[in-house]
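Trainee: Sequence:
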Amino acid sequence: MTTGVGDRLLEFLRELSVITTWSVVTEETAVGSKWQLGGATWQATVVVERQRWLGLEFEARDPATDRRATYDIDTDSYDIGQDKQREFAEEIERDIVELLDNLRKGAVLRGTDGSKFVVVFPLNGSYVRVTHGRFVSSASTYSDLGAAQTGGGYVPVE
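Using the working numbering, the letters of the sequence shown map in sequence onto residues 24 to 181.
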């Protein structure tokens with residue numbers, strides 16, 4: 024059963040490969056496709072397997088310290104091939120498109136808070152703040168940009 028999940032994301036990825044200067048490498052498989060995207064201080068992997076899984080792995084890097092922060096959006100282990108999971112899968116698809124579009128627009132920002140590397144971006148009506156701690160990244164959600172931008176030196180991720 025074909026649900027159309029992933030169609031919007033694939034269309035957007037194809038558009039990005041034409042309208043941006045990003046590095047874009049695509050790998051087609053029997054069950055879907057994998058897109059490797061990259062800029063000067065970030066990289067992302069997007070996987071589209073319409074009947075099984077949608078996902079984004081995003082990593083931003085501080086060019087001064089080489090510290091990194093990561094953020095993932097995916098459908099987890101839900102069976103997105105089932106109609107009852109369609110709405111959930113479409114929400115994940117929208118979030119992935121929104122994050123990539125905000126990256127394209129320069130709305131994904133990087134900065135510091137003390138010694139921590141921080142990435143801030145709008146997503147689904149809120150602002151996500153990703154902080155790289157000692158070993159792993161953690162994410163928090165804020166209602167306004169000012170609250171998410173604790174620290175300083177915020178510039179667009181390139």
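Derived by calculation from the structure, the hints in this document are not laboratory data. For each residue, glycine too, the CB sits at the ideal point set by N, CA and C. A couple of the hints might just be wrong.
Below, in silico cross-link-like pairs of lysine-lysine (DSBU-like), each with a Cα-Cα straight-line distance of 30 Å or less [stated by the list, open to error]:
# : residue 1 : residue 2
1 : K139      : K107
2 : K139      : K128
3 : K57       : K128
Pair by pair, the computed Cβ-Cβ distance ranges are [claimed, not checked]:
# : residue 1 : residue 2 : range
4 : K107      : G156      : 17 to 25 Å
5 : D102      : T44       : 36 to 44 Å
6 : A170      : V47       : 15 to 23 Å
Trainee: Are the hints correct? Go through all of them and say.
Mentor: Results of checking the hints against the structure:
1. K139 to K107: Measuring from Cα to Cα gives roughly 40 Å; hence the hint is violated.
2. K139 to K128: holds (24 Å)
3. K57 to K128: Cα-Cα ~23 Å, so holds.
4. K107 to G156: 17 to 25 Å: Between K107 and G156, where Cβ atoms are some 36 Å apart, the hint is violated.
5. D102 to T44: 36 to 44 Å: holds (37 Å)
6. A170 to V47: 15 to 23 Å: violated (34 Å)
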